[in-house]
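Undergrad: Sequence:
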Amino acid sequence: MGATHDDSIRITGAREHNLKNVDLEIPKGRITVFTGVSGSGKSSVVFDTVAVESQRQLNETFTWYVRNQLPKHERPKADTIERLSPAIVVDQRPLGGGARSTVGTLTDIYAILRVLYSRCGTPSAGEATAYSFNDPAGMCPECAGLGCTTRIDLDRFLDTGRSLNGGAIRFPPLAVGTAGWQIYATSGLFDPDKPLDRYTPREWDLLLYGKGFTVKRGERAYNNTYEGLVENFDRRYVKRDVSALSEKARAMVRGFVREGTCPVCGGARLTAAALKSLVAGRSIAEMAALEVTELSDVLRGIDPAEEPVGAAVAARAVTALDRLTGIGLGYLSLDRPAATLSGGEGQRLKMVRHLGSSLTGMTYVFDEPSTGLHPSDVRRLNDLLVRLRDKGNTVLVVEHDRDVIAVADHVVDMGPGAGAQGGEVVFAGTVRGLAAADTPTGRGLRRVTGVKADVRTPVDWLTVRDVTLHNLKGVDFRVPTGVLTVVTGVAGSGKSTLVSEAFVGAHPEAVVVDQSAIGVSARSTPATYLGAMDAVRALFARENGVPAGLFSFNAAGACEECRGRGVIHTDLAYMDPVTSTCEACRGRRYKDEVLGLTLSGRSVAEVLEMTAEEAVAFFGAGGPAAAGSGGDEAAGIERKLAALVEVGLGYLTLGQSVSSLSGGERQRLKLATRLHRTGSVYVLDEPTTGLHMADVAGLLELLDRLVDDGNTVLVIEHDLDVVKRADWVVDLGPGGGRRGGEIVYAGTPRGLLAARGSVTADCLRGSLGGRLAAASVDG
Numbered sequence: 001m002g003a004t005h006d007d008s009i010r011i012t013g014a015r016e017h018n019l020k021n022v023d024l025e026i027p028k029g030r031i032t033v034f035t036g037v038s039g040s041g042k043s044s045v046v047f048d049t050v051a052v053e054s055q056r057q058l059n060e061t062f063t064w065y066v067r068n069q070l071p072k073h074e075r076p077k078a079d080t081i082e083r084l085s086p087a088i089v090v091d092q093r094p095l096g097g098g099a100r101s102t103v104g105t106l107t108d109i110y111a112i113l114r115v116l117y118s119r120c121g122t123p124s125a126g127e128a129t130a131y132s133f134n135d136p137a138g139m140c141p142e143c144a145g146l147g148c149t150t151r152i153d154l155d156r157f158l159d160t161g162r163s164l165n166g167g168a169i170r171f172p173p174l175a176v177g178t179a180g181w182q183i184y185a186t187s188g189l190f191d192p193d194k195p196l197d198r199y200t201p202r203e204w205d206l207l208l209y210g211k212g213f214t215v216k217r218g219e220r221a222y223n224n225t226y227e228g229l230v231e232n233f234d235r236r237y238v239k240r241d242v243s244a245l246s247e248k249a250r251a252m253v254r255g256f257v258r259e260g261t262c263p264v265c266g267g268a269r270l271t272a273a274a275l276k277s278l279v280a281g282r283s284i285a286e287m288a289a290l291e292v293t294e295l296s297d298v299l300r301g302i303d304p305a306e307e308p309v310g311a312a313v314a315a316r317a318v319t320a321l322d323r324l325t326g327i328g329l330g331y332l333s334l335d336r337p338a339a340t341l342s343g344g345e346g347q348r349l350k351m352v353r354h355l356g357s358s359l360t361g362m363t364y365v366f367d368e369p370s371t372g373l374h375p376s377d378v379r380r381l382n383d384l385l386v387r388l389r390d391k392g393n394t395v396l397v398v399e400h401d402r403d404v405i406a407v408a409d410h411v412v413d414m415g416p417g418a419g420a421q422g423g424e425v426v427f428a429g430t431v432r433g434l435a436a437a438d439t440p441t442g443r444g445l446r447r448v449t450g451v452k453a454d455v456r457t458p459v460d461w462l463t464v465r466d467v468t469l470h471n472l473k474g475v476d477f478r479v480p481t482g483v484l485t486v487v488t489g490v491a492g493s494g495k496s497t498l499v500s501e502a503f504v505g506a507h508p509e510a511v512v513v514d515q516s517a518i519g520v521s522a523r524s525t526p527a528t529y530l531g532a533m534d535a536v537r538a539l540f541a542r543e544n545g546v547p548a549g550l551f552s553f554n555a556a557g558a559c560e561e562c563r564g565r566g567v568i569h570t571d572l573a574y575m576d577p578v579t580s581t582c583e584a585c586r587g588r589r590y591k592d593e594v595l596g597l598t599l600s601g602r603s604v605a606e607v608l609e610m611t612a613e614e615a616v617a618f619f620g621a622g623g624p625a626a627a628g629s630g631g632d633e634a635a636g637i638e639r640k641l642a643a644l645v646e647v648g649l650g651y652l653t654l655g656q657s658v659s660s661l662s663g664g665e666r667q668r669l670k671l672a673t674r675l676h677r678t679g680s681v682y683v684l685d686e687p688t689t690g691l692h693m694a695d696v697a698g699l700l701e702l703l704d705r706l707v708d709d710g711n712t713v714l715v716i717e718h719d720l721d722v723v724k725r726a727d728w729v730v731d732l733g734p735g736g737g738r739r740g741g742e743i744v745y746a747g748t749p750r751g752l753l754a755a756r757g758s759v760t761a762d763c764l765r766g767s768l769g770g771r772l773a774a775a776s777v778d779g
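Going by my numbering, the first residue of the sequence shown is number 1, and it counts up by one from there.
Hints were generated in silico from the structure; no laboratory data involved. A hint or two may mislead.
Taking lysine-lysine pairs in the DSS-like style, the calculated list, with each CA pair at most 27 Å apart, reads [claimed, not checked]:
#1 Lys72 / Lys28
#2 Lys211 / Lys194
#3 Lys248 / Lys670
#4 Lys239 / Lys211
#5 Lys20 / Lys77
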């Protein structure tokens with residue numbers, strides 16, 4: 001089991017999620033990689049047990065006042081968790097921050113540049129805050145430091161041929177009858193039956209921009225502060241941090257605004273004084289627009305003899321910039337908005353924050369850090385992990401990538417399966433030992449596949465020409481129809497721009513399955529997301545002669561004690577919160593009288609506890625729920641749930657919270673709702689994210705079935721097993737950022753083996769285990 005006694009973290013009886021009384025020792029001061037199929041319990045050990053308990057105990061060392069300001073962690077379900085050290089979690093959650101967050105602000109490198117300009121800028125704009133687009137002293141007064149202007153589109157917002165009573169305001173929150181509409185229509189300021197195109201200039205200005213007084217609203221004469229339509233919209237939606245709005249609200253607002261580059265600062269975000277100030281012949285905005293590698297070279301050129309203070313400050317920035325380059329992010333610029341970064345890029349930016357730290361004895365916890373990395377960049381990632389370990393830290397990594405597994409000092413393999421079939425330690429030891437083990441991971445490490453020889457013949461071609469978005473250099477992109485195409489290339493080479501923006505923009509009919517959030521509520525489950533739950537409720541209602549709403553834990557059927565949650569969450573002020581199973585419904589979410597109503601002998605709670613595989617058998621042809629008048633509805637449920645099994649999520653229960661799923665699981669859940677649209681063009685963005693080697697094989701079988709059913713499948717991917725299985729490969733590069741943006745190869749996987757000048761080709765040849773290319777092709 002590895003190290004023992006004081007040089008290891010010891011866990012006994014861990015029971016978080018699907019863990020089955022796991023006992024485990026994790027060596028300290030080593031790199032331990034946790035492997036296993038998706039849903040096997042890796043994250044339950046690393047994040048929900050070790051990291052949570054470490055952070056919880058660390059918080060206990062603070063005063064009650066401080067602890068009340070910190071996130072509260074519930075004690076993990078385990079008998080003992082001992083010999084912990086403070087944990088730093090580097091996960092794939094969005095970086096956060098508002099619309100002004102950039103690579104420069106997130107890494108604090110832009111703050112160093114502000115100091116540089118405040119000391120050496122000519123002419124000087126003032127203190128460091130004068131160069132900050134987050135501070136009133138430095139932000140452009142027109143766009144408030146955003147670099148772009150968002151304005152209400154009055155042509156979309158208003159139908160000027162109508163009156164206020166007739167629905168002139170098209171914006172849903174101000175629709176006829178709403179409280180907001182009453183401020184304008186019942187205030188007495190306007191004739192509510194007069195079309196807007198007959199308003200006088202004074203009335204028009206009052207409607208749009210009036211403010212500074214109160215009006216009566218509605219029959220009960222409420223007093224309200226009056227704001228014109230534009231003033232109200234800007235305050236509520238334009239000048240507000242968009243992260244505070246729901247996804248639904250953001251989507252609605254996007255339909256009523258026009259966005260463009262700020263006409264005053266030209267997108268540079270800063271005041272005119274800040275932009276006039278130069279160092280090495282460049283403004284701070286021009287510096288921030290350079291790629292990291294270019295900026296590093298410029299700052300190195302500052303002469304210490306001429307600018308001793310400036311050179312010293314620049315040297316600090318160069319050190320931080322070199323860390324970004326060292327982890328494969330040299331193609332980014334400091335002015336790159338945080339919202340445009342991928343999950344993998346965001347996680348690597350978080351890693352950079354810790355590279356300069358002199359802390360030792362910490363536990364660093366990483367969640368699939370190879371996500372979004374080309375195989376050629378994984379070596380840099382491994383170097384970082386080794387450096388953290390060699391500084392005297394413990395490094396825990398949840399990972400599927402073979403090359404990351406290879407750098408481990410110790411491996412813990414979870415399984416043997418997923419969900420209820422997982423939750424056990426099936427191997428703990430060395431990488432060499434794992435490679436010989438009879439586990440899905442061991443078998444995956446031993447398997448070496450060759451490239452496809454018998455590729456499909458394209459039916460036709462879909463083409464976009466002369467693409468010049470971002471770093472793409474006049475690219476002509478051809479996608480063969482009726483086959484599986486993989487677009488690959490190093491990070492920053494232009495893959496997402498070419499496929500997700502240019503190609504999808506030219507072909508909006510494409511079915512896009514990306515890694516964006518799936519926009520669900522805290523109570524969403526696989527059954528509700530797939531749209532199967534309405535039919536389930538209808539079947540129960542018909543069988544028992546009662547309203548369908550009784551079988552919703554969000555409505556009439558919900559347990560009154562826990563309100564359909566199944567658990568009671570108790571906040572104990574300064575103490576740790578406690579979540580306990582609801583005693584009234586025993587965690588089943590429904591009232592007792594609802595649980596007594598059954599379908600083919602099963603209550604609705606028992607149906608929600610079924611895995612997708614079990615539910616397919618229950619509702620499928622010949623299954624108990626398919627008999628009688630509800631056969632058609634049962635068949636519809638079976639078809640939707642079969643899609644879950646088909647995308648490799650058959651182990652999920654119908655009632656599991658969608659918020660508990662990994663990123664890879666959420667993407668496959670999204671894919672399950674879009675399957676079997678024959679003749680469609682499918683676009684998938686790194687669908688292997690979060691997938692074990694065994695799960696990748698299942699995904700490839702699914703993609704092949706989609707193509708065989710008459711679809712065209714286009715995949716952005718780094719996984720070489722996917723590249724080998726393609727019919728057509730398009731490789732972008734040769735590098736990232738300005739050194740990318742070109743197609744360096746387009747053809748079959750077999751042809752890629754012989755390609756020169758392609759980083760992907762080098763990695764593909766290396767993945768064949770040293771065999772000659774001619775002998776490596778699968779027959």
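Undergrad: Next, verify each hint and record whether it holds.
TA: Each hint tested on the structure:
no.	hint	result
1	Lys72 / Lys28	26 Å, holds
2	Lys211 / Lys194	22 Å, holds
3	Lys248 / Lys670	17 Å, holds
4	Lys239 / Lys211	17 Å, holds
5	Lys20 / Lys77	11 Å, holds
In summary, this structure violates none of the numbered hints.
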